[in-house]
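**Q** If you want the building blocks of each chain, they are given just below.
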Amino acid sequence: MARRWTNKLTLADATPQAAFWNRRRIMAGLAGSGLAAALGSQAQAELAQAEQAGADQVLEPNTWEEVTSYCNFYEFGTGKGDPSEYAGRMTTDPWSVAIDGMVDKPGEYSFEQILGEMTLEERIYRFRCVEAWSMVVPWQGFELADLLTLAGVQEGAKYVAFETLYRPSEMPGTAYKVLDWPYREGLRLDEAMHPLTIMATGVFGQPLPNQNGAPLRLVVPWKYGFKSIKSVVRITLTDQEPPTSWNMANPREYGFYSNVNPDVSHPRWSQASERRIGGGLFARRQPTLMFNGYEAEVAALYEGMDLSEYF
Amino acid sequence: MAFANQLIRRLPVWAVYLLGALPAPWLFYLGLTGGLGVEPVKALEHKYGELALQLLILTLAISPLRRLLGLNLLKFRRAAGLLCFFYVLCHLLVWLVLDVQILGQILTDIAKRPYITIGMGAFVLMLPLALTSSNLAVRKLGRAWSRLHRLTYAAAVLGAAHYVMLSKGFQIEPLIYLGLVLFLLALRLAGSRWLRQAAGVGV
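Chains as they are written, first to last, in our numbering: chain B, 1 to 311; chain U, 312 to 514.
Hints were generated in silico from the structure; no laboratory data involved.
Just to be clear, a hint being listed does not mean it is correct.
[Unchecked claim] Label pairs and their computed distance ranges (CB to CB):
1) B:Ser308 / U:Leu407: 48 to 58 Å
2) B:Leu307 / U:Leu380: 49 to 59 Å
3) U:Leu414 / B:Ala296: 41 to 51 Å
4) B:Glu85 / U:Tyr340: 18 to 28 Å
5) B:Ser308 / U:Leu438: 53 to 63 Å
6) U:Leu418 / B:Ser308: 15 to 25 Å
7) U:Val449 / B:Ser169: 27 to 37 Å
8) B:Ser308 / U:Glu484: 24 to 34 Å
9) B:Pro251 / U:Ala509: 47 to 57 Å
10) B:Gln286 / U:Leu438: 52 to 62 Å
[Said to hold, decoys possible] The list that follows gives simulated cross-link-like pairs (lysine-lysine, DSBU-like), each with its CA atoms no further than 35 Å apart:
11) B:Lys80 / B:Lys177
12) U:Lys479 / U:Lys423
13) B:Lys177 / U:Lys451
14) U:Lys451 / B:Lys158
15) U:Lys479 / B:Lys80
A virtual CB, placed ideally from N, CA and C, is assigned to each residue, including glycine.
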């Protein structure tokens, strides 16, 4: 029996670090959300400090229930509740990731092997779906750059392609050709190597629930959520822009880049504002931030590009 | 069928209005209290829209059901139509007030997003139908009333197309709704042709 990783970090350990790392503050007003109790007084003090340091954003994590019950994972159905209902039957142990293409050490990397080599850390990120809803998620994971370096990226590689598990016997949603399975995504190599880009293996200090993309998934916080491909089984280094599922299904509506951008509308809805999950029936919409609030970190990647053309 | 028709005759129309309208406040209550999941606005919007489509299909099915199966639901047709309009109104209000909220964005959405333009079109077509649903209007308008109420067909096609167009990827459910609407309209077309032929033979 393979040994499964379990995270010993709790939110109480991780939140202040993440807040510091992100230079963002978390409002102290978490009373009633259950998080107030989790955050110790020292953490509160650190938060207040971070607040004073002139941080510009408020990042209050969503709840476990919100993050794990409202998901898009079309392999299990198109309803938001389908993944949490049906993904339990997906076998995630044993699990391995094929890393191939333009790498020095291609091969099947078992999940345990990967974990043994990587350093896990907490990252609290905004998560913005192309459908104009958003959450804040406390992930645990490692930088994708570390994994790619482990495999040895060869000279001339320009893109990274990803593939989700395709196992119809465990994935009722694949009975319909909603998309051309398996689900595929891709990044430019510099996007993949960016320190904000992580492979997540956990949320809230727990191993990823299946509906959230167990046992490991990509998280690219400045792009629409569908770029953050779940339950990854293949990573391929290539010199060609790889085909991606939503772009193949509807190239007019979903570009390869799919950076969060309030100024470039999706043809069927505006992207100027978003609905934060968890506000209930009467929550106000919030303005969507350029690159989902990570403009300072990633804008340089797209210098000189017309973002309405490369959407 | 005679037995079913007898039961139907005993069911008062007001009970149908009451039963038909109840899901609206019930769903709203569920949305307020967490019963619709963590994103109640979209859930409520979709439920109201879905109910409106189902009632629209029921309205269209009443006359073929009588003609082909002998099931007589005719006395509930006005109730079904008005309830359908009621849910379209609820759907629209949730979208306007709870979902999009921002007037500028509402107007852009109506003008620029084809599925919303079409949905608004269906609503506008239904307005005169709801307004002329009283006995008085039926009497005053005479034959024009029947002609006017053929707008239902257009509204049904637009409503179902609205659902198909807003879905992501290739999804079955909205296509079933559109298929049902088109099937019921085809039945009508075939029916009227058959009636004309029968009338021709009679002469």
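**Q** For every hint, state whether the structure bears it out.
**A** We went through each hint and held it up to the structure:
Look at Ser308 of chain B against Leu407 of chain U: about 28 Å separates their beta carbons, and that is not inside 48 to 58 Å. Range check, Leu307 of chain B to Leu380 of chain U: about 58 Å between beta-carbon atoms, so the 49 to 59 Å window is met. Checked against the hint of 41 to 51 Å, the C-beta distance between Leu414 of chain U and Ala296 of chain B comes to roughly 32 Å, which is inconsistent with it. At roughly 23 Å, the beta-carbon separation of Glu85 of chain B and Tyr340 of chain U lies within the given 18 to 28 Å, and the hint holds.
The hint said 53 to 63 Å for the Cβ distance between Ser308 of chain B and Leu438 of chain U, and at roughly 37 Å that hint is violated. Taken as a hint, the range 15 to 25 Å holds for the pair Leu418 of chain U and Ser308 of chain B, whose Cβ atoms sit roughly 21 Å apart. As the Cβ distance of Val449 of chain U to Ser169 of chain B is approximately 58 Å, the hint placing it in 27 to 37 Å is violated. At roughly 33 Å, the beta-carbon separation of Ser308 of chain B and Glu484 of chain U lies within the given 24 to 34 Å, and the hint holds.
As the Cβ distance of Pro251 of chain B to Ala509 of chain U is approximately 52 Å, the hint placing it in 47 to 57 Å holds. For the pair Gln286 of chain B and Leu438 of chain U, the supplied restraint of 52 to 62 Å is violated, since their beta-carbon distance comes to about 33 Å. A threshold of 35 Å between alpha carbons decides the hint, and for Lys80 of chain B with Lys177 of chain B the separation of about 18 Å falls inside it, so the pair holds. This hinted pair checks out: Lys479 of chain U and Lys423 of chain U have alpha carbons roughly 18 Å apart, not beyond 35 Å.
This hinted pair does not check out: Lys177 of chain B and Lys451 of chain U have alpha carbons roughly 52 Å apart, beyond 35 Å. Between the alpha carbons of Lys451 of chain U and Lys158 of chain B the distance comes to roughly 73 Å, so the proposed pair goes past 35 Å and is violated. Taking the CA atoms of Lys479 of chain U and Lys80 of chain B, the gap is near 13 Å; set against the 35 Å cutoff, the hint holds.
Hints 1, 3, 5, 7, 10, 13 and 14, counting from the list given before, are not met by this structure.
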